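Q: Mapping of the sequence shown onto the numbering used here: residues 658 to 1100, in sequence order.
Calculated directly from the structure, the hints in this document are not laboratory data. Given the structure is predicted, the values throughout are model-derived calculations rather than measurements. Treat the hints loosely; a few may be bogus.
[To be verified] Pairs of lysine to aspartate or glutamate, DMTMM-like flavour, derived with a Cα cap of 25 angstroms: (1) K1051 x D1041; (2) K800 x D1086; (3) K833 x D926.
[Stated by the list, open to error] Each pair of labels, with its calculated beta carbon distance range: (4) G916 x P791: 50 to 58 angstroms; (5) T1053 x L958: 46 to 54 angstroms; (6) T1053 x K787: 15 to 23 angstroms.
Glycine included, each C-beta is placed from N, C-alpha and C at the ideal position.
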Amino acid sequence: MPADTLATGIKTARLSADAYSENFADLHAPLDAHEALVAADRCYFCYDAPCTIACPTDIDIPLFIRQIATGTPEAAAQTIFEQNILGGMCARVCPTETLCEEACVREAAEGKPVLIGQLQRYATDTVMEKGVHPFERAPDTGKRIAVVGAGPAGLACAHRAAMLGHAVTVFDARSKSGGLNEFGIAAYKSTEDFAAREVEWLLQIGGIEIKHGVQLGRDVTLAGLSSDYDATFLGMGLGGVNGLGLEGSDKEGVDDAVGFIADLRQASDLGSIPIGRDVVVIGGGMTAVDAAVQAKLLGALNVTLVYRRSRERMNASVFEQDLAASKGVRIITNASPIALHGNGAVQEIEFEYTDDDLKPTGQTVRLAADQVFSAIGQTLVGDDLPDVERGKIKVTGAGQTSVAGIWAGGDCASGGDDLTVTAVAEGRDAAMDIHATLMGGAS
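Let the hints inform the model, and build the full structure from the sequences given.
A: Structure follows, in structure tokens:
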């Protein structure tokens, strides 16, 4: 078998270096100063701003846009970072089209919202490119907090807790910090190693130590953390992936989309990522779309995304669906996988059409496939955790679990919507609740 061929149709280096560079360029080019002023001028600066209400981190959007409009992007960034310390990444990956921009009065009146996400990026990039950290750490409280997971929730919790004067140790199972931001989103949404640079910038607050390669349950225990620290925050996300549960799922060429995206994000050479000729992605969320689009950008000839319900029921936004279609991804809905065919390596995948209640219709279709990516959800991994409800750690209030002294937030906790911006809000709020509890205030 040739070195650049891993299975029938799966190859590396399908495209030229220039093609990879073009395909994986920034999805939205950053605004320059003039463009930012023009975009900011469209804001009505609503007093009872529906965009702010729609923002999970409660950023005062009209205020920061007015600050941009008056030529003070540094002040705008301060307004953003006070609520969302990962505002730079959220400006890149947050589904603004279904949150703040969907709620924008301009969207309702004209079908063209203010470019809130791009304006947020303009403001936050202005400050971060100067290497300036806008906050100072309060005097040391003598309290120690353990944070499990260096993803959006854990980093937001760690930063706010450190800012309040606590000493924070973050434990993460991976070799790099960032969690979903580093390993789990499409490469064209976060270019030029932004996730790592944002972590480095965040750590300038001081008082935060990160220990990589440390996994809860393997290297540390919850009981041990509770004994050694004054409080513990769990923000480790969902470590497992749901399998297809079909005979033949172990065939060569069948993988999970989460691993595919992580490998792509960490690759120094995109040409080293093997991709098939006929790729099928199963799922209807953002991960499925990210995998499908990137498979096409890597040079796959045919990419099909298949979801078991209708387009209206897909978790991926209409914008993401349209993006996939614009890149040449075919979307098939109301079809569930029933069989994988092939001798050793997958060659076809068979689906049965369903209605929106997943009732089979009896009609089937086979798709040629030398590579199949499953994106049908992730699962919580871990033993001896606080009470779990419907596959996630049960929380009340600002992330309080069933065990005193332990908080949780982000994808591993109940109540969220699996968005980076929501994870940031939950980490931040948990840190405030931890602070109130440790310092004798009402929790």
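Q: Could one say that the CB atoms of G916 and P791 fall in the range 50 to 58 angstroms?
A: The hinted range 50 to 58 angstroms is violated for G916 and P791, with Cβ atoms some 36 angstroms apart.
Q: Falls inside 46 to 54 angstroms, the C-beta gap from T1053 to L958?
A: Since T1053 and L958 have Cβ atoms about 50 angstroms apart, the given range 46 to 54 angstroms holds.
Q: Holds or violated: K800 and D1086, Cα atoms, limit 25 angstroms.
A: holds (18 angstroms)
Q: Please test the hint of 15 to 23 angstroms on the beta carbon pair from T1053 and K787.
A: Cβ of T1053 to Cβ of K787: about 40 angstroms, so the range 15 to 23 angstroms is violated.
Q: For the pair we were handed, K1051 and D1041, check the Cα-Cα distance against 25 angstroms.
A: Holds, at roughly 13 angstroms.
Q: When you check the alpha-carbon spacing of K833 and D926, does it fall within 25 angstroms?
A: Holds - the C-alpha atoms of D926 and K833 are around 18 angstroms apart, at most 25 angstroms.
In summary, the structure is inconsistent with hints 4 and 6 from the numbered list given earlier, while agreeing with the others.
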